[in-house]
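S.K.: Here are the chains, one letter per residue:
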Amino acid sequence: MKAVFDEYYHRLMNAFQNENIALAIERATASYRSNVTKALTKYPHTVELAKEVRSIKERSVERWEELLKEAMDNIVSNKGQAYFAKTAADARKIVGDLVGNGKVVVKSKSLTSEEIGLRQHLQSLGNEVWETDLGEFIIQLLNDEPMHILSPAIHVPREEVAKLFSRVMKESIPAEIQEEVRAARRFLRNMYTSAQVGISGANIVAADTGAVFVLENEGNARLVTGLPEKHIVLVGIEKLVPTLADAFKVAEVTWRYAQYVIPSYMSLIGGPSKTGDIEKVITYGAHGPREYHVVFMDNGRSELAKDPELKDALYCLRCGGCMYECPVFSLVGGRFGHRYFIGYGAAWELAVSGLEWAAPIAYTCLRCDRCKERCPVKIDTAKIVLRIRRLFAERCRSSR
Amino acid sequence: MWEEGTTPLVQIMLALVENMKKSGNPVGVSKDKLSAWARGLEQGKGSLVLYSGCEYQLVPYFLPLVDRLKKSGLVDSKLLNLTLRLKSFGLDVVSMFASLSAKDSEYYNELVRKHLLLLRKVKSDVAFLNDELYPGTLLYEFGFFEEFAEHAKKVSKSFKERGVKTIITISPHSLEMLRSVYPSFVEGFDFEIIHYLELLAKYASNLRLAVKEPTAVTIHDPCHLARSMNMVEEPRAILSLVRGLELREVPFANKRWTTCCGAPIETFLPMLSEGIAQRRVKELKESGANIALTLCPFCHANLRNASLSSGLRIMDYVDFLGRCMES
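Residue numbers (our numbering), protein chains in the order written: chain G, 1 to 400; chain S, 1 to 327.
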């Protein structure tokens, strides 16, 4: 326990002393607030819709087992494969077996894969794995850890990106954002075409059809999920909702609170690529993946679902808005957290990493409630944090 | 009671909890020190009482403690033990910092007096209690619910014994504790809980309030008052009655969007707490006012520390209002 507290504390204080972090987040926050206000002003119905989404999530988390079965059945009848992983180790094993070794793997951004260290696992099996989201790509090259769930490299200024890219790509990349984006595009293009496997997360899964929704702006997830022969989705069971109609509502609220009027892309994936254009014979693997696998993962989520105070955390849409409102995050970014960030992230840490990781996060939280003011589904962080502090106090008491 | 080798953050928390159990407050301040603010004041008899929750009075003891924690760096628990004289029976803040606390004590005691005197202007029958008990907020905040429940029962009993019916709280934490938390911890906790702003807002139009020269102020809304208790209009309504006063809002971060002052983590992560306070001071200055009014003793202390060379003056709301009274 002490080692974890100490490690957490040192990382936290190092981030606090790095003034670049606070400066970068200050700028990002100003831009986030202005964009989200514009988006919500243009589409004011979003605020009411968010309340409906909260109740969709409440009902879905309540009956996740039922929805899981329905979704898995539908994925199979759509000629995909569906799996259930109880633990992180199970999920790593399933995905590892599907990938094998000696492959080139491209990934789109997925918190769930960060949660289980999937990239590192696949690399250890002897695969070449590339993060394709620009922020994640930078983090991977830096051998760092994400600083924000939607903007993982929020703390890395353009000058550092230029140095990093120049070194890795063995050509001189100027410290201009446009040039850096072009360079990443050129570099990763080769990876998509040589990759045998694409791995993505999912923002939402509609149980009635098994449809997987992936939201993004860069277009990398389209390539990851569309180009390689094999597409694997890793998704937490909390992403299940009953119907396609529910899924669209969740999607709209998610992107709006992630500051977008509309994202550049939303992929709706129902199964492997297919064609019936020659003699009406359905043939799989037309232009997209021939194989399609969806791995549903529990990894502690079902335990959160049973706890009346902690289950709020499962409603999170991962819009990232809360982080811009957190006074602690504004100074230290994602170091206020471990795999999951800020106060409510303590519930996720409890589920996936245990109390020794959840407790220091819970005692860092100010319980000031501003994250909830922003949160579209009104996750009660103050309540979650207090619950985890209680668990910790009980441990202190019992170890006396 | 803490084990050798636990992390400093945990050591400090357990020391404060131990102090709570021993003395009824987290820094082990004696009852006579906590009630010194009332010296010479007529106590009053009625069932309407002001309850300070001892919070203003405790601030002067937290200040030097937090200061020392900052200096110790909170890295090495052995160092912490040396610098803080953590003892097996708690953390002896009072004797450690006696001289440092003395001058601040006078200041914060005076603030409590000012609350009572102002309230008595609008409601002459406001009484107060001897030997008031701290509401136990930190036990609740730290997650020590069993200890908190036990403490809350004592506090409730002390109100019952005095025949109290209505309690006027003067800090957001006491308000939230007594209004929203106590009823689920103490059976039959049926007192009427109000906040002094509610009372003032009702009667303030009877007061003659003015500033001597044109003055601009801003309000630092405390998180627990604005978001938990949804009390954002009252302090503004009262200020609007002050002739010559201009209220300037902090851009965006006001009312329900107010930013925390950092005080809640001052003992665990004192450097970070200070960084948050400095950020808040910067936001408060963006209002264009050079006085920021606080409505919570902990906000006051944390922001005052962080504003020392900022050109922004941090003032307690009631302190300011008292100075606006025309005789």
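Because the hints were derived from the structure by calculation, they are not lab data.
Worth double-checking, as some hints may not be accurate.
As the list claims (entries may be wrong) - Derived lysine-lysine pairs resembling DSS-like cross-links, with alpha carbons at most 30 angstroms apart:
no., chain 1, residue 1, chain 2, residue 2
1, S, 255, G, 311
2, G, 372, S, 285
3, S, 202, S, 212
4, G, 383, S, 157
Unchecked claim - Here are the simulated distance ranges between beta carbons:
no., chain 1, residue 1, chain 2, residue 2, range
5, S, 184, G, 176, 42 to 48 angstroms
6, S, 290, G, 303, 50 to 56 angstroms
7, S, 244, G, 395, 31 to 37 angstroms
If you're wondering where the values come from, they're calculated on a predicted model, not measured in any experiment.
All residues carry an ideal CB built from backbone N, CA and C; glycine is no exception.
S.K.: Could you tell me which of the numbered hints above are not met by this structure, giving the numbers in increasing order?
M.R.: Of the numbered hints, 5 and 7 do not hold.
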